[in-house]
Each structure stands twice: as C-alpha cells, then as structure tokens.
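Number of protein chains: 2
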Amino acid sequence: MKLATLKDGSRDGQLIVVSRDLGTAHFATGIAGRLQQALDDWNFIAPQLQDVSDALNQGRARHAFPFDPAQCMAPLPRAYQWLDGSAYLNHVELVRAAGRSDVPERFYTEPLMYQGGSDDLLGACDDILVSAEAFGIDFEAELAVITADVPMGVTPDQGLDAVRLLMLANDVSLRHLIASEVETRLGLVQGKPSTAFSPVAVTPDELGDAWQDGRVHLTLQTSWNGRKVGMCDAGPDMRFHFGELIAHAARTRRLRAGTIVGSGTVSNPGVEQNGRREWPKGYGCIAERRAMETLQDGAATTDYMKFGDRLRIEMKGRDGHTLFGVIDQKVVQYTP
Amino acid sequence: MKLATLKDGSRDGQLIVVSRDLGTAHFATGIAGRLQQALDDWNFIAPQLQDVSDALNQGRARHAFPFDPAQCMAPLPRAYQWLDGSAYLNHVELVRAAGRSDVPERFYTEPLMYQGGSDDLLGACDDILVSAEAFGIDFEAELAVITADVPMGVTPDQGLDAVRLLMLANDVSLRHLIASEVETRLGLVQGKPSTAFSPVAVTPDELGDAWQDGRVHLTLQTSWNGRKVGMCDAGPDMRFHFGELIAHAARTRRLRAGTIVGSGTVSNPGVEQNGRREWPKGYGCIAERRAMETLQDGAATTDYMKFGDRLRIEMKGRDGHTLFGVIDQKVVQYTP
Numbered sequence: 001m002k003l004a005t006l007k008d009g010s011r012d013g014q015l016i017v018v019s020r021d022l023g024t025a026h027f028a029t030g031i032a033g034r035l036q037q038a039l040d041d042w043n044f045i046a047p048q049l050q051d052v053s054d055a056l057n058q059g060r061a062r063h064a065f066p067f068d069p070a071q072c073m074a075p076l077p078r079a080y081q082w083l084d085g086s087a088y089l090n091h092v093e094l095v096r097a098a099g100r101s102d103v104p105e106r107f108y109t110e111p112l113m114y115q116g117g118s119d120d121l122l123g124a125c126d127d128i129l130v131s132a133e134a135f136g137i138d139f140e141a142e143l144a145v146i147t148a149d150v151p152m153g154v155t156p157d158q159g160l161d162a163v164r165l166l167m168l169a170n171d172v173s174l175r176h177l178i179a180s181e182v183e184t185r186l187g188l189v190q191g192k193p194s195t196a197f198s199p200v201a202v203t204p205d206e207l208g209d210a211w212q213d214g215r216v217h218l219t220l221q222t223s224w225n226g227r228k229v230g231m232c233d234a235g236p237d238m239r240f241h242f243g244e245l246i247a248h249a250a251r252t253r254r255l256r257a258g259t260i261v262g263s264g265t266v267s268n269p270g271v272e273q274n275g276r277r278e279w280p281k282g283y284g285c286i287a288e289r290r291a292m293e294t295l296q297d298g299a300a301t302t303d304y305m306k307f308g309d310r311l312r313i314e315m316k317g318r319d320g321h322t323l324f325g326v327i328d329q330k331v332v333q334y335t336p
Numbered sequence: 001m002k003l004a005t006l007k008d009g010s011r012d013g014q015l016i017v018v019s020r021d022l023g024t025a026h027f028a029t030g031i032a033g034r035l036q037q038a039l040d041d042w043n044f045i046a047p048q049l050q051d052v053s054d055a056l057n058q059g060r061a062r063h064a065f066p067f068d069p070a071q072c073m074a075p076l077p078r079a080y081q082w083l084d085g086s087a088y089l090n091h092v093e094l095v096r097a098a099g100r101s102d103v104p105e106r107f108y109t110e111p112l113m114y115q116g117g118s119d120d121l122l123g124a125c126d127d128i129l130v131s132a133e134a135f136g137i138d139f140e141a142e143l144a145v146i147t148a149d150v151p152m153g154v155t156p157d158q159g160l161d162a163v164r165l166l167m168l169a170n171d172v173s174l175r176h177l178i179a180s181e182v183e184t185r186l187g188l189v190q191g192k193p194s195t196a197f198s199p200v201a202v203t204p205d206e207l208g209d210a211w212q213d214g215r216v217h218l219t220l221q222t223s224w225n226g227r228k229v230g231m232c233d234a235g236p237d238m239r240f241h242f243g244e245l246i247a248h249a250a251r252t253r254r255l256r257a258g259t260i261v262g263s264g265t266v267s268n269p270g271v272e273q274n275g276r277r278e279w280p281k282g283y284g285c286i287a288e289r290r291a292m293e294t295l296q297d298g299a300a301t302t303d304y305m306k307f308g309d310r311l312r313i314e315m316k317g318r319d320g321h322t323l324f325g326v327i328d329q330k331v332v333q334y335t336p
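Which chain is which? The protein sequence lines are A and B, in order.
Residue numbering for the first sequence follows the UniProt record's numbering, beginning at 1 and increasing consecutively.
Residue numbering for the second sequence follows the UniProt record's numbering, beginning at 1 and increasing consecutively.
Chain A on its own, in the form it takes in the complex:
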C-alpha cells in the first residue's frame, strides 16, 4: 500500500491511503489520524489501512478523492529520528577524491552514517528555503526506509525485517558549510537543512521483485532545471543494504518505530571510455558532478544551485509507472 500525509494546518497533517497509480486517495479516519500512530501500532493498524488500499485500487472506495502531491507534507512531517547512511561508495570516493582526501579502508567494511535533524521534514513540493546562495546549495537524491521498533544489537537480517515503508529523499546539503563543519569532527548541523521526502511512502511489496536483498533494483531519476542529470541504478552499487544500515545504527541503542534511515546519494561508478573516465549514468548531487569535472579536467565548472532552481527526483517501477510520486522543489531565498 501507499501512504501519504495531507497538509491540514496541523503539525503532523492527516494520514491518507493513496491508490497504486497515485490517482486517488482516501482518509484513514477512524483507523489512524497520523502516520506515526500507525507505526506505533503497525501490526494492528496496517491491515486496516491495507483494506482501504485494496478498496481504493479496486475502485470501490466510497469517499475517494483526487490525490494531489502538492498538498502533501513529508509522509512523516516530524520524525523522532533521521539517520542518513552513505551506502553508495562511489559517492564517497568521488567527493573525497575531489577534496584530495583518501577513502579510509574502513569505509568499505563499515557503513558511514550521520544523524540528521528530523523535527521539520519537507513535503515533496515544498520550497527549499536557504538564506544565501553562498552556502553552496546542493541536492542529494536518495532512497530511505521507515522502520519498526528495532532492538539494540540486531543482525542485518533482523534489521531488514524492520523495514515498514520506503520513500525517496532529497537530502539538501549546504556544501560550503559542510566543508567547515566536518572539521569539528562532531558532524553536521548547519550544513544539513530540512530534508524533503516523496509524496508517498510505500510498503516493500509495492516494489515487487525490484525489492531484493535489502536494495531497490530500479533507476533513480534526477532532473535539475528540467535537464536530466542522473539516471542512477539504485541496486547493485549499494555497498551496504538497508538491513546493514539499520544494524549499524542499532549497534549501541535500540531504534524506536518511525526511525527514518537513508541510503545516501545513489551513485554508480565511472567507466573508462576512449581513454577518459566517464560517468554515463550521471550524478545524484552536484558535489559528484564537480568531482567528476575535477578528475577529468582539473577543475569544477558546474556551480551549486541558485535561487529559482528546480530539482526533480522520481523512480519508476518496472511497469513504467511512478512508484513514490515526484519530489519537485524550488530553491527560494529565505529572509527572516
């Protein structure tokens, strides 16, 4: 099933069930008002939501209404936890190479992860508010899962069993702030403003065979100002699958239901072509593009995003239909 949260003026919005084709929706009234409620008591509530979903998909829901992604908050508008991994090693290699720093050996055996802010997550069509272009405004096209309760010390397999829902994410990054913030060695606060999520969150069964080994074997499409910049394969190059990311996060503490875990920027390695390294699948963030330019020509020429820029992220199923709906955001100047 597919779930979304409708803007209603409240902090947590209103939970709705959305049809598979994202054409229609139905309130979950009487079952659960908010997605967090459903996650808190999933085994009891999910089957009831599934009934609504079945009715919607069969065209027999009595109070269905047209689904409008622009009216969506993030599926979880405020979450108790947002942990973002960096599971595509090519992203790490590129960004590090451009910064002239090596990739430590351990990054190949242990997931990289940062703790993000989760109190104010953005809807798929919400503006990206930034006060200065000089911060180096970048996008990051990612996948993310929402978990059940996860006990401390789980195995990757057990971690995988805790995956309840999947989403797309745009993990907005302020590169020039990050460059200085990582020097504190305490992680990212100012460099990571609010993250945006796809209109709907879907249960793993909606992905069919494409959900395998804790990875989504589909193409993540990223467009920047209408130009397709990334057609990245989210499958095999994900070094650590979602169960491994969850197990990493739960090594020294339990994770509570509603924890969001991200994949990091989806990224595929380059290939040698005519004596030159090329990345035919494009990029999932501008930092990667700039790294490619630096490696190819010695200098980055692509600038970060400007006010007014648009960013679009989407993933289609094997049937060619959109799975999560479209993240479609505009960068807008914030003035206090």
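Keep in mind that the hints are not guaranteed to be accurate.
Pairwise CB distance ranges (calculated) [stated by the list, open to error]:
(1) A:Q48 / B:A70: 35 to 45 Å
(2) B:T335 / A:P280: 32 to 42 Å
(3) B:D8 / A:H217: 40 to 50 Å
(4) A:F65 / B:A134: 53 to 63 Å
(5) A:N43 / B:N43: 51 to 61 Å
With the C-beta cut set under 7 Å, the calculated list includes, among others, these residues of chain A facing chain B [claimed, not checked]:
(6) V182
(7) R185
(8) G317
(9) P336
Worth flagging that the hints you see were computed from the coordinates, not collected in a lab.
Where is the CB? At the ideal position from N, CA and C, for every residue including glycine.
Following the hints, put chain B in place on chain A, whose structure we already have.
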C-alpha cells in the same frame, strides 16, 4: 512550574505537574496528556498547567499524590530533536589536550554542536544498557533546555526567548567508539547511546536569579559510585549561552517546538596550585579526569565505568533544595 512524565506503559507516558519541593504531583488530565502536546500549544496550555502547579504548591490540589522519580520517563521520552552543544570550553580543551590535538581558534567564537538521537530518551533512574565495557562507558553531566518553535536565522536574544523548560542530562558516551567515529567526520551515531534526563523539567522562573544571561549560575553535582567527583559551576565558564546555542542550531533551518538543546559537559578551568595544575571543582565526565591525569602525570589511570557502576547528577537551588530531582543511574550489561 515543574513538569514530569510518568511511566504508564505507553511510548510517551503521562504528563504530570510536580510541586516545587518534588514532594507531590498531579495529573495534567484534561489539559494535556503528553509534554509534547503542551509544547505544541504552549501559550494556551502552560497557564492551565501553572494553575495546577499553584494549587499543588499551596497544598490545595485535590488529587495530589506522592511524587516518585523512579517512576519517571524523561520529561520528553521521545523528542523530535536533540542537539548537544559543547559550550564549556574547558571540557573541549581537556579532551583535546589528552588526545594531543589542538583546539582550533574557531571553537572560541562559534559553538560546537552535534545532532543526537532523540527517539529513545531515558528516565532519570533508568539503567544505562551497554553491551560491552570495552566501549569505554562514560557519563557527561549537563544542562539542557527545551525550546518553543524557533524561526530560521534568529539572534541569540531571540533564541533565549524560546527557552521553555530546563533539565539536567546525562549524555552517555562510549569513548572508544567515539574515538574511531569522529574520524568519519560525519559525527556520532554508535558513540552516543540514549541520553538520560532529570525527573522534572522546570520553567526558567523556578531558578530565580540563578537563571541569568542564558546561563544557570548554580553548582552541578556529580557522584560516581557514591563519591563526589564534580562540583562544577555551571555559570560563568559557559562560553556560549543557551540563546547562542539555539541561534547556532537555527542558522540554516527552523527548530520545531520540543527541540532539546544541551550545554555539553559542565566544566571549569584548572588553576595553578603549588606549581601543579589542579582542577579543584572536579570533573563532569571521566574523559576529563583522564585528561587531567595525562596532563599532570603523563598517563590516565582512571578507568571508564564498569557494569554495576552508579552515576548521580543533581543541582540544588540557592535555598539548598533540589531543583530538577536526581539523575541516578546504574550501568547494566545488555544482552540481545
């Protein structure tokens, strides 16, 4: 007023109002069931809670019951955000000196801060569950505030106005995991298990004159296995006050109501005594103690906490009475 959250088997517990002397309590039923609800709508709900508080303190509350800190969850058992500063520079200087790394100049002008996990915060008397002593189990005695909604780009003064409640915190740290985790430059995940908070959260007026310039001018007392190890002055040595910490966190994003911001380990600089550097006020975490030993004698001799160890943190008002109640935790081995 003083607020607490009683264990009732639910994820968020039950909001109660506690008398100034922590002797009695009263359910906030009919006003707000959970502290987050009160924070979401503070201007409407706080005056009603204040009425209950007044009745309690005047001994005219009709359904008062004895207050038991052992029955408390964290005042916010799961929060949408937990950001911990490192506002006492002496802590940073000590820990860095022991690790033979310099304190960058910027640390004196810009607050250090990390994003912590907030999905599973511990009550004041909850066990500290750790799977291995080899992780280097440490405590950190801190102050923390809970904020109202904070717009992006606020000034420190505006940040200070957003302080709704104050608490004590034990920011448990796994030193040997942190040592390796900071090398990722993405911050702390495994090195920071669940943080514990004092039984009650109090409004700033409960501190009287001791709450000044965004700082708490009182002594934070820390005992480890019954031995007083820290009598640290939380006031003047706090380089960045809570308004400055909040403004730092809100530079590139707004903070939503219920955000918890910590001070970092409360720590006072050493003094030269008989030709030797001494820290007469003691320490707020073992890492500091080990740094002091290293600076004095070339090697750390104090070990980190063992299973069965107890840790106690308290702060008394100028009248000698406990302000927040006592954090009193035991380290217990976790087995999955």
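Status of the hints after comparison with the structure:
1. A:Q48 / B:A70: 35 to 45 Å: holds (37 Å)
2. B:T335 / A:P280: 32 to 42 Å: violated (49 Å)
3. B:D8 / A:H217: 40 to 50 Å: holds (44 Å)
4. A:F65 / B:A134: 53 to 63 Å: holds (57 Å)
5. A:N43 / B:N43: 51 to 61 Å: Violated, at about 38 Å.
6. V182: holds (4 Å)
7. R185: At about 4 Å, which falls below the 7 Å cut-off, the nearest Cβ of chain B leaves the hint on R185 of chain A intact, so it holds.
8. G317: violated (31 Å)
9. P336: holds (4 Å)
Violated hints for the displayed structure, listed by number in ascending order: 2, 5, 8.
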